[in-house]
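There are 2 protein chains.
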Amino acid sequence: MMDAAPPVFLAVDSGGTKTQACIANVNGDIIGTGIAGPSNYAALGPVEWTAVIMEAIRGAKRETKGRFARAWIGSAGVTCNTDEKEAAAHIASTLCIPLDTVQVTNDTQLLCTHLATKGIVVIAGTGSVVQAFQKDTHGLFAPILRVGGLGPLLGDEGGGFGVGREALRAVLYEEPGTERLLAAILDSWHLVSKEELLAASYAHIGKFGIRATQSHIAALTPVRNAKHSVH
Amino acid sequence: MMDAAPPVFLAVDSGGTKTQACIANVNGDIIGTGIAGPSNYAALGPVEWTAVIMEAIRGAKRETKGRFARAWIGSAGVTCNTDEKEAAAHIASTLCIPLDTVQVTNDTQLLCTHLATKGIVVIAGTGSVVQAFQKDTHGLFAPILRVGGLGPLLGDEGGGFGVGREALRAVLYEEPGTERLLAAILDSWHLVSKEELLAASYAHIGKFGIRATQSHIAALTPVRNAKHSVH
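As you go down the protein sequences, you meet chains A and B in turn.
Per my numbering, numbering through the first sequence is continuous, rising by one, with the last residue being 241.
Per my numbering, numbering through the second sequence is continuous, rising by one, with the last residue being 241.
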């Protein structure tokens with residue numbers, strides 16, 4: 011029996027804000043794309059994560075035909091070998107393709123595709139990470155040093171959330187010269203007084219979880235950039 | 011019609027870890043106590059918060075009779091006037107007592123009962139806050155300065171979570187002299203390698219939320235105190 015479907019190649023960029031799937035043919039032409047919501051692996055766990063990834067893949071498959079020869083998912087929140095293996099097993103099983111055709115890595119690794127032998131990858135979205143990579147003897151990029159990428163509870167200093175957090179800390183601790191910054195934050199969140207700030211910062215946790223709260227605080231970034239008093 | 015039930019007085023200490031209700035008679039004797047789970051107001055919102063508070067109150071009422079002449083709920087996560095009014099309205103309505111007999115404040119204010127005219131309150135549990143109070147012209151303690159109490163995303167530097175967070179950052183960034191600390195943390199969390207630490211730090215967020223994650227990290231405090239390398 012011949013397999014009539016042509017081989018195609020899948021890549022998924024799974025982030026804390028959104029998920030993007032992309033299918034290419036053997037010539038490297040992009041023949042299908044799909045999108046889904048946030049899919050941080052640490053936040054969702056393997057089952058829910060797989061569901062979101064599959065939603066993005068289904069979107070990409072609507073536009074194309076073919077069997078997946080190789081699949082690569084680069085995902086935020088994938089931080090160790092155990093994560094990589096567990097996630098790859100879920101995806102391979104759900105797509106019904108061999109496990110050794112699926113590769114799951116941290117999303118920073120997706121950005122290595124443009125590197126020759128070594129380089130530094132910087133992601134600064136809601137969260138942030140800076141990671142150095144070097145090509146190993148198998149021709150694969152291995153991480154050699156990481157700063158940041160510790161998530162909202164332990165770090166994320168360089169992302170939008172980190173910027174918003176520092177802005178909130180500055181006005182909550184009434185640092186000198188932050189009067190205009192306070193006014194801009196209150197204006198942005200439609201609040202009247204400083205006393206409402208702390209409750210407003212955490213208002214999303216109960217209802218929507220830490221990721222929504224992190225995005226809510228990250229959204230203060232333009233306010234800080236535009237209106238921080240010079241002192 | 012006479013009201014036969016004697017007047018009794020209710021106090022509730024509502025914290026991020028547990029909730030304790032206490033009923034006293036006119037002589038100040040404690041005649042009933044009850045306990046319930048975590049009830050941080052910011053984390054739960056008014057409806058769920060009221061349900062937890064009521065569970066503690068029902069526990070205390072099982073042991074006693076009487077009508078509530080006054081009720082005071084000091085709660086973690088109550089951070090502004092809007093919170094105080096909203097929370098008091100929910101409790102008064104649920105207990106069917108007049109709104110002006112219910113007082114809701116931040117939990118730091120409960121600790122002012124031993125102060126004469128002014129003083130400093132320190133809470134260092136899972137989270138942390140240091141707050142100075144001074145008696146105002148109405149004889150009530152008003153907060154005059156606060157440090158900390160910004161919650162797990164913005165602060166909480168002095169609590170168990172803050173200590174655990176610094177321990178995790180130190181080993182994740184491979185600070186000199188933290189080899190024994192790393193070994194102690196891996197041992198405490200039953201992990202094999204440093205690469206599993208970040209995933210383990212956030213493992214509770216998807217399933218149990220930020221408060222459980224915060225407690226999970228706070229539980230590292232004795233590990234750090236006992237085993238941090240001297241350098």
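It is worth saying that the hints were derived from the structure and are not from the lab.
Treat the numbers as computed from the prediction; the structure is a model and nothing was measured.
Warning: the hint list may mix true and false statements.
Any copy will do: because identical chains look the same in the list, a pair fits if it lies in one copy or spans two.
[To be verified] Taking lysine-lysine pairs in the DSS-like style, the calculated list, with each CA pair at most 30 angstroms apart, reads:
1) Lys-28 with Lys-204
2) Lys-128 with Lys-71
3) Lys-145 with Lys-75
4) Lys-145 with Lys-95
5) Lys-204 with Lys-95
6) Lys-204 with Lys-145
7) Lys-128 with Lys-75
Homo-oligomer pair classification [Lys-71, Lys-128; C-alpha up to 30 angstroms]: Classified as neither; 33 angstroms inside a copy, 68 angstroms across copies.
30 angstroms Cα threshold - placement of Lys-95 relative to Lys-145: For Lys-145 and Lys-95, only the intra-copy Cα distance (21 angstroms) is at most 30 angstroms; the inter-copy one is 60 angstroms.
Status of Lys-95 relative to Lys-204 across identical chains (alpha carbons, at most 30 angstroms): Answer is between: at 17 angstroms across copies they meet the 30 angstroms cutoff, but 47 angstroms inside does not.
Alpha-carbon proximity between Lys-204 and Lys-145, which holds within one copy, between copies, both or neither at 30 angstroms: between (50 angstroms within a copy, 22 angstroms between copies)
Alpha-carbon proximity context of Lys-28 and Lys-204, limit 30 angstroms: Between. Shortest inter-copy distance 28 angstroms satisfies the 30 angstroms Cα cut-off; intra-copy 32 angstroms does not.
Intra- versus inter-copy proximity for Lys-75 and Lys-145 (alpha-carbon distance at most 30 angstroms): neither (33 angstroms within a copy, 74 angstroms between copies)
Lys-128 and Lys-75: within-copy, between-copy, both or neither at 30 angstroms Cα: Neither: 35 angstroms inside a chain and 74 angstroms across chains, both beyond 30 angstroms.
Violated hints for the displayed structure, listed by number in ascending order: 2, 3 and 7.
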